[in-house]
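In my numbering, the protein residues as written are 55 to 310.
Hint data in this document are derived by calculation from the structure and do not stem from the laboratory.
Errors might be hidden in some of the hints.
[Unchecked claim] Label-pair distances were calculated between CB atoms; the ranges are: (1) Asp168 to Ser134: 33 to 43 Å; (2) Arg255 to Lys213: 12 to 22 Å; (3) Ala203 to Glu129: 13 to 23 Å; (4) Gly88 to Arg253: 31 to 41 Å; (5) His81 to Ala203: 39 to 49 Å.
Ideal Cβ positions, reconstructed from N, Cα and C, are used throughout, including at glycine.
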Amino acid sequence: MSVGTKAVGAARRVEQRIARYAWYRPHFTCPFCGYSGPFASDIALTGRRPNAQCPQCWCSERHRTQAQVMDRLAERHDFSTLSILHLSPEQFLADRFRKEFGTYTSANYDPRPDIDMQIDLTSCDEIPDDSFDVVFASHVFEHIPDDKAAARNVQRILKPSGFAVLPVPIVCRSTVEFPRVVETEYGHVRGPGPDYFDRFRDLFEIELFTSEDLDDANQVWVYENRTRYPTKWAPYRTPSAGKRHMDMVPVLTPRS
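Please take these sequences and the hints and turn them into a complete structure.
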């Protein structure tokens, strides 16, 4: 573990302890653990990311945004009758999906003791066509160089009546393809913008949910000073104005 990683971890632990007593900060409610009060800041690639995390369960903006979108989708579909493939599962939503869906299958690119299968989404012939009603992959596609191949496989393994939820971090004004894998940016190969999902419109009908569409009581915006991009940690990201940025969750339905 590097000195930098240790320092970030220590800063997060301090913030987690003190945040709930910072009553001058805006108050929010966590949809996972039920905590209500000030949220904690996190460390971002540009410095500090205010109001980012619940100081009790430590969920982030993306988890709360995705939870609200899944609430909306649960009003349209009976999840108890559906099968879901959950890629690169994070515990916040994995626990919920295991309870809600009729069949739950977890998968990851790298081996993990807590998953059901190890797959490469760009080459997963071992999964038959029309296998799942739902594919959920949060912050996965920004790590995949051949994301179009991954999208084609998602379409293939989805049932015709199914849907995929494939959010990525929206960090640039328009999508930037990196010339290399940026390890200091969590291994990303691109910086997605709001236009990112357009590249999949030949495969899917796409419905986009943004922070503007959701209940801000759960704090579903990303607070970050992105005028500081690029940085040595994120050398290919482009700057954008403002200190509050929307998150985005796409729901993709296969085209017939």
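To see whether the hints hold, each was checked on the structure:
Range check, aspartate 168 to serine 134: Cβ separation about 23 Å, and the 33 to 43 Å hint is violated. In this structure, arginine 255 and lysine 213 meet the distance hint of 12 to 22 Å, their C-beta atoms being roughly 20 Å apart. The hint said 13 to 23 Å for the Cβ distance between alanine 203 and glutamate 129, and at roughly 33 Å that hint is violated. Restraint check, glycine 88 to arginine 253: a C-beta distance of roughly 38 Å satisfies the suggested window 31 to 41 Å.
At about 44 Å, the beta-carbon gap between histidine 81 and alanine 203 stays in the expected band of 39 to 49 Å.
Checked against the numbered hints given earlier, the structure breaks hints 1, 3 and satisfies all the rest.
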